[in-house]
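Here is how the chains run, residue by residue.
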Amino acid sequence: MLKINNLHAVVGEAESQILTGLSLDVPAGEVHAIMGPNGAGKSTLSYVLTGRDGYEVTDGSVELGGKDLLDMEPEDRAAAGLFLSFQYPLEIPGVPTMTFLKTALNAQRRARGQEEMAAPEFLKKARAIASELKIKPDMLKRPLNVGFSGGEKKRMEIFQMMMLGPSFIVMDETDSGLDVDALRIVADGVNSLRSPERGMLIITHYQRLLDYITPDKVHVLAGGKIAASGDADFARLLEKEGYDKYAA
Amino acid sequence: MLPSAVIEKLPHRRMEAWKWTDVRRAVRDEVSGLSSVMTPRFTAPDGVSVTQGAAHPSDHVMGRLAQSFSDQSWNIYIPRGAKAAEPVLIEDMNRGHGRFAVMVDEGAEATFVEYHKGKAGSFANIEQNIHLAKGAKLIRIIVQDDPDDMTRIATSCIAAAEGTKLEQYILSFGGALTRLETRLYGEGANIEAVMNGAYLLSGSKHTDMTSHTELSHPDCYIRQSVKGVVTDKAKAVFQGKFLVRRDAQHTDAEMRHDALMLSERAEVRAKPELEIYADDVACAHGNTIGALDDSALFYMRQRGISLAEAKALLTEAFLASVFDDMDDEDMRESLMGQIKNWLGASYGV
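Line order of the protein sequences matches chains G and P. Under numbering that gives the first Met the number 0, think of the first position of the first sequence as 0, with each following residue one higher. Under numbering that gives the first Met the number 0, think of the first position of the second sequence as 0, with each following residue one higher.
Hints listed in this document are in silico derivations from the structure and should not be mistaken for laboratory results.
If you only want the chain P side, here are some residues facing chain G, beta carbon under 7 Å, derived:
{"id": "1", "residue": "S294"}
{"id": "2", "residue": "A295"}
{"id": "3", "residue": "F297"}
{"id": "4", "residue": "Y298"}
{"id": "5", "residue": "R300"}
{"id": "6", "residue": "Q301"}
{"id": "7", "residue": "G303"}
{"id": "8", "residue": "I304"}
{"id": "9", "residue": "S305"}
{"id": "10", "residue": "A319"}
Just so it is clear, CB atoms sit at the ideal spot from N, CA and C, and this is done for glycine as well.
The following block holds chain G by itself, in its conformation from the complex:
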């Protein structure tokens, strides 16, 4: 599904080397977690995968479902099925959540050569998912994320994710800003999306989220590459022992 091979990337005008030969394979149907100390390159990985300006790949390759991701514009990567749940979701003033999402969904469908989704069907789907995530219908009329609390923004990321139905999901520090109840709602949403056709990469500093979303594999990202890998229990060990021994 997602194949990252020997990925090197630099960031910003200073061109600091953040990823230094990262390789990772997440097959369809699996959920992998990436843990690591601050500054290890976790967020950089999420931005390199999604094609943000200012993150330059100097070597290596990334394929999603056999397609070369690195050659694509961010919107084409999204249409190819890649979704990033942002650590800090952006506020989009003046654009109502529903307008935003309908525009996004139909842009992706057009790019994939599918029919646009009609308004009634879209509304019905949005209402059902909103109620599952305990999002008040009123919030969907408001400009996206404007004035929302940290927890509401994260819930809105999951809402978008469930509406768009991507084939590969990257979650960047999704648990930050969530209380236990919100964490459970978010995790239930994510778990409902687990399927044999879909892969997920969960980037997190703490093991807490992994109590609710059990990963198939856990990797440590340190010094710009995968320093160690293990199963779900490995996350608990890391939480106990810390990342010191992996530090470069």
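Here the structure of chain G is known, so what remains is to put chain P in place on it, guided by the hints.
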């Protein structure tokens, strides 16, 4: 009068109020309309009269020029207490000098919709003298869209009596040189005015929104918000002035100008001014010039929205607030529709 003699009378950049909008330099003597009289078309609802008659003398540079071609003006009268059900439409202001006098009599309410759309290679000079009698209410909606070799100067002088309400919404797509100037003179207490505008300029178009608001009586409330977007080599000018005289106590006035510059070669000139002689007032002005937020654009692209569409959505959202207070939903939709069309064409959505 020969075209060259008309050009001699046009304002130019060595005049402070015209320093960023040099009309004399923009106009060539072969343009049409330089020495002719405008023939506008009116659609007026029952009870509103449109006649031609003797005009009042003008004390404004462009008004005086119009006056040298005609001592007549189009006089539009909204009788006392009348509440016109339909708007007064003014169209075909496509070239020449046009003079208008509008009287909204005591307690009357009217909406004016003006379409300023010219023809290639033309010049238009419009002078409007508007009088709002006690308790009158006027809504003005002004849509301007000219070819890129057309010059248009439209000057409105509005005298507002006690207890009057004015709402003005301008949507400007520019021309070779466009100046839409509003001069509001408060002649009584308790005046409420909203003077909003949006400009969207591409290519080498130029729009100048200049306003002068002069208050001499207490308890007036003014809100002004002008927002715009410039791309390519377009140029926008905003000049706004609040002059609050000593007796205009408890004035509550706010002026904002916010511009998006989407190209390095585009230009925005802004000059917000407050001149205040009363000591118990709340007056403010603000001015920002910036670009679209890169982080927001990336976020939208990550959701599958193309760069062009993301820019269009953010720009539309930025401009929309200018028309938020409009009561007429259909008119608001129509203005937003024109904005969407422009964004679609200019950003290549």
